[in-house]
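Enquirer: Letter by letter, the chains look like this.
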Amino acid sequence: MIGYAFFRLVSLCASLAAASIVIFGVIEVIPGDPAAFMLGVSATDDAVAALRAELGLEGGVTARYFSWVGGMLVGDFGTSYTYRVPVSELVLARLQVSLPLTLYALALSTAVAIPVGLAAAARRGGTADYGIMAATQLGIAVPNFWFAMLLVLVFSIGLGWFGAGGFPGWEAGFWTGVKALTLPAVALALPQASILARIMRSSLLEVLGQDYMRTARAKGLSGRQAVVSHGLRNALIPVMTILGLQFSFLLAGAIIIENVFFLPGLGRLIFQGIIQRDLIVVESVVMLLVFAVIMVTYLVDLTYAAIDPRLRRSI
Amino acid sequence: MKVPAQLWFGAALSSAFVVAALVSLVWTPYPVDELSIDQRMRLPGDGYVLGTDQFGRDMLSMLMVGARTSIAVAIVAVGIGMAFGVPLGLLAAANRGKPVDEIVMRTNDLVFAFPSLVIAILITAVFGPSAFNAILAIGIFNIPVFARVTRGGALSLWTLDFVLSARVAGKSRLRISLEHILANITNLLIVQGTIQFSLGILAEAGLSYVGLGAQPPTPSWGRMLAESQTLVSLAPHIAAFPGLAIVLTVLGLNLMGDGLRDILDPRLRSTR
Amino acid sequence: MRYGSRVAAAILALGVGAAQAQDRIVIGMQLEPPNLDPTGGAAAAIDEVVYANVFEGLTRYRSDGTIAPGLAESWSVSDDGTVYTFHLRAGVKFHDGSEMTADDVKFSLDRARSDGSTNAQKSLFAGITDVDVVDSVTVKITLAAPNGGFITNMAWGDAVILAPETAERAATEPVGTGPFRFSRWVQGDRIELVRNPDYWGERPALESATFRFISDPTAAFAAVMAGDVDAFPAYPAPETLAQFDADPRFQLLIGSTEGETILSINNGSGSLGDVNVRRAISHAINRREIIDGAMFGYGTPIGTHFAPHNPDYVDLTDISAYDPELSRKLLAEAGAEDLTLSLKLPPPSYARRGGEIVAAQLRAVGIATEISNLEWAQWLEQVFRGKDYDLTIVSHTEPMDINIYARPDYYFQYDNPDFRNLMKDLDLASDPAERSEILAAAQRIIAEDYVNGYLFQLARTGVADARIQGLWPNAPTQANDLTGVSWRE
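Those protein sequence lines, which keep their order, are chains A, B and C.
If you're matching positions, the first sequence starts at 1 in the working numbering and goes up one per residue.
If you're matching positions, the second sequence starts at 1 in the working numbering and goes up one per residue.
If you're matching positions, the third sequence starts at 1 in the working numbering and goes up one per residue.
One chain only, chain A, in its complex shape (with noise of 0.2 Å):
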C-alpha cells in the first residue's frame, strides 16, 4: 500500500509538472500583448514597454517559467495585471461566489434526483418509469444557458420574484445571497439532475438484482426497508463518485451560466482573464483547478485501493 501510494505520488507530480508547462506554454503563444491592450489605441511605444517591464513581462521564458512555478510553491501566485491585486485574493473573493453556487446546485440536483430515481427504479418498467426517463432524457438535452435564459424571463422579468442576476455579498444577509444565486443554481442543477436520477436508478436496479438484497427479502424484510437498509447504501457509492465529478466540473465550469447572470464567480474571472489579458491570472487559476481535480482523483484512488486491495494491481 505504501509503495502504491509512493508510486502514484511520483506520477502525481509528473502530472502537475507536466500540466504547468502545457498551461504557461499556451498562455505563452497567445496573441496580444497586455501592455498593448491595457493602454489601448493612442498609447505611445515607450510608455507601453514601460508598463510591460512594470509587469513584468521582460525576460526570458525558462525564467518567467520558473519564477511562476516557484512562487506557486510558496503560495504566490503573482499579481493581477489589471486590477493590480494578488491574485490569490481574487480567487478567495470569487471562490465566496462559485463555492456556495455550485453547493447550492449540487444539493438541489442531490435532493431531487434521488427520490426520483429511487421512484423510477421502483416502479421499474411502469408509466411513471417511463416518464420520468423521459424527463431526464428532456433535462439532459437542454442548453442550460437556454433554459436559464428561460428562468430569467419568467422568473426575474415576468413575475419578478427574484434579480435577474448579480451577487450582492455574504454582508448584505445570509437569505439575500441564497436568492441571488437560486436561479443561476436551478440552471446549473437541471442537467446534473437528471444525469444523478438516470445513475440513481440503474445503480439502484443493479443492487437489487444482488444476492444480499434477496437475502435480506427471504429474511421477512419489506421491499421498502430492505431497500432502504441494505440497497440504498451500496448504490449511492457510484452517485457519490459522480458528484464528486460534477462538483470539480461545477467550480469552473459555469462560466456560461456567470455570464447569464453576471455573477462574479472563478469561471468568470478566468474568462476575464483571457480577453483582458491577464493572463497571469489565467494561468495560475487554471492550474489551481487542475491542481485540485488531479489531487481529488489522486485521493479517491488512494481510498479506493485502500479498500479494495485487488484494485492496487490494475490501477
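Simulated from the structure, these hints should not be mistaken for laboratory data.
Among the clues, some could well be false.
Covered by chain A, according to a simulated footprint, are these stretches of chain B (three or more residues, beta-carbon under 8 Å) [as the list claims (entries may be wrong)]:
| hint | region |
| --- | --- |
| 1 | 111-125 |
| 2 | 224-236 |
| 3 | 241-247 |
A quick note: this is a predicted structure, and the numbers were derived from the prediction, not measured.
No residue lacks a Cβ here, since even glycine has one placed at the ideal position from N, Cα and C.
Chain A is fixed; fit chains B and C onto it per the hints.
Expert: Okay, now just chains B and C, sitting in the frame of chain A:
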C-alpha cells in the same frame, strides 16, 4: 429481439435533422446569405414557416443550414476522439499494469482535469474562432473518453478464454487487439459514439453561444441563440426555435443511444 | 436588497405621509474598468467611473462638449500662445484630507510626461516643456509651440490631478478631489462611491453611487427591467429600447457620441490601394440598412470622418451614396471582379451586426468577404498594430481625431501629402473662420479619396428610471458625471 419504442422515436427525431441538414445542401426555402432588413423579425406564417430572424433571413432555412454545422462539427469531433482514443485504449489494455498503461491513463486523467470550456476558449484565443477550432476543442476532450471506454471493455475481454487461446497460439498482442478485442467492443463504441455525438452538439452550441464556433455568415444554432437573446421579448420565436432544435436533436440522439445500448450491450439489459 | 429598500421607502412614505427622497443610484456599465487610475490605462470604463466623480483635472468637459474650469478657477495665455498660467481654486482637499496645491499639479503633469510614464494619452502632454510652481495656487506651464487645443487636452481623464503620496495606489484605491470618494470595489461585480462631505463645489444630491458591471446585453436588459440597476447610460442592446420607451417606468437617454463608426479599409493591402476599388466598396454600402439593421435606427449617417454635431461638419454622404450599379461598374473597370477580402470584427454589436450586413451588401456587388470575429486584444494586435486586415468596422471615439489621417503609419495606411500639409496649417491657424475652412477641406479630401467607408455616428443609447434627472445624454468624453444627478420627488 424487440426494438424498444424509444429507439424508434430517437432515431426518427435525429434522422429528421440529418435529413434537414442534407436537404440544405441542395435546397433551402430561402437563401441564407441574403439579408432583407425590412422583412426582419416576422412571425411564423405568411410565406415564412418559422418566421424570419433579426436580419430578415428565413428561420427554417437558417435552422436547416445550422443543423449541417452542428452535425458536421459533432461528427468530426467524435471521429477525432475515436481515431486517437481507441488505439490508446487498446494499447493500454494490452499492456495492463505496465508503464505504458500508466502513462496513457495518467495523461487521460490530466486531460480530464483541465476545465474543458476554459481550454476551448484558450484554443480560440490562440488560433482565432472558427468551426475548425471548435471541432479541435471538442475532439480533444473526446479522446480520453474513448480511451477509457476502450480500455475498460478490452480489459474484461483479455481474461476470456478465446483471447487466452489466441495468446497460447502465439498471436501478438497487437494482432489480438485488432482481430479479437476491437471486433468485440464495437457495440460499446457505437453506444459511446452516439452519446459523444449528442454531447458534441451541445458543446458546439455552447461554444458558438460564447462566440467561439463557426463564424458568420455560416449559421450555427448556438450563435443564433446568442444573437437572438436580447430580442426574446420582441420576437420570442427567434430565440425559441434554435433552442428547440438543439433540445430535440440531443434528445433524439440520447434516446437512440439508450435504445442501442439496450440492444447491443447485453450486460446492461438486465437493469432495464 | 433593492426590493427591500423600495418597500421600506414605500412604507415610510405611507406612514409619515412625506415623500422620502432617494439618494442612492445604481448605474449599469457593460465593461468593468481594469483599474481605477485614469492616468495609467486606456480603458473607457475607468473614466466612466472616476471622471468628474472621483478625479478632476485643471479643466473639465461639460455635457455639451464645451470646456469649463475645473480645479483651475481661471487661466491666462501669453501673447505668443506658449505660456499658460493656471490659477487654482484655494482650499480644495483630496479625499485623504490633504490640501490640493500647485505642487500636486506639477507632480501630476510631470508624471504623465516622464520617460517611464504609462499614460495612455502621452501625446496630450508632448508639447509641454516646463511646469513651474509660482505659488501654492498658481502654476505656469510652458509649451514648445502654440497649441490651440491645450485647454481641451487638460480636460481629458488622462490629465487629472493626483497627489504624490497616493498616486501609486490610484489603480486600486483612487484618492482624488471629486464630489465622490471611492468606497469599495468588489472585483467582477461593482464599485461603490460615497459622497465627499468636504467637496469644494456644490454638494451632490446623491449620497452614494454603485456602478455594476453587466457585460451580457441580455443580462443588461433583464437587470434594467427588473429594477436591479437604475440607469444604464451606455446600454448595449438598442433593439430593446422600444420596449423601454413604451414603458412609463423608464426614460430613454438618446444622445450623440464622438464615435465615427467606419468601415476601415487597409489602403496598403493589394488592390485596396486603388482608389476606384475603395470607391466601389463605398458605393456598395447602404448606410440606412446598416443603421436600421445593426443599431435599430439609432445613429446619424456620415460621409466623412467628422462628428455631425460639430459646427464644422460638412455633410458629404452624397459622395459615397448607395449605388450598387456604379459599384459593379467600377470594379469591372478596375479589373477587380473576383475580390475576396478579410473582414475582422471587434466585439461591439455595431461591428458584429454591422459586419454581417456589410458582408451581405458587398456580396451583392460581387465582393466576397471572410468574416472573423475577434476579441479586442486580438483586434489590437492583428488589425491596429499588425495592419494584417483588409476591412474592419470600428468606432473612433476620440474627439476631433481627423488628424489620424495625417499619419501614414496609422492602421488605414493612408498617405496623402496634401492632407498632411492641411493638418500642419490647422495647427498654426488660430482664426476660427480659417480653421473651419481647413477642416472642411480636410473632410472633403478623405471623402473623395474614399479612404474608408464612412457609416454612421454612433448614438449614445441609454435607459434610466423615469424619476432620475441630470444624467448626461451625450458623451463628449467617456464619463458618467453624477454631480448633478438626482431623483425627482
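Enquirer: Now tell me, hint by hint, if it's right for this structure.
Expert: Now the hints, each set against the structure:
1. 111-125: holds (count 10)
2. 224-236: holds (count 4)
3. 241-247: holds (count 3)
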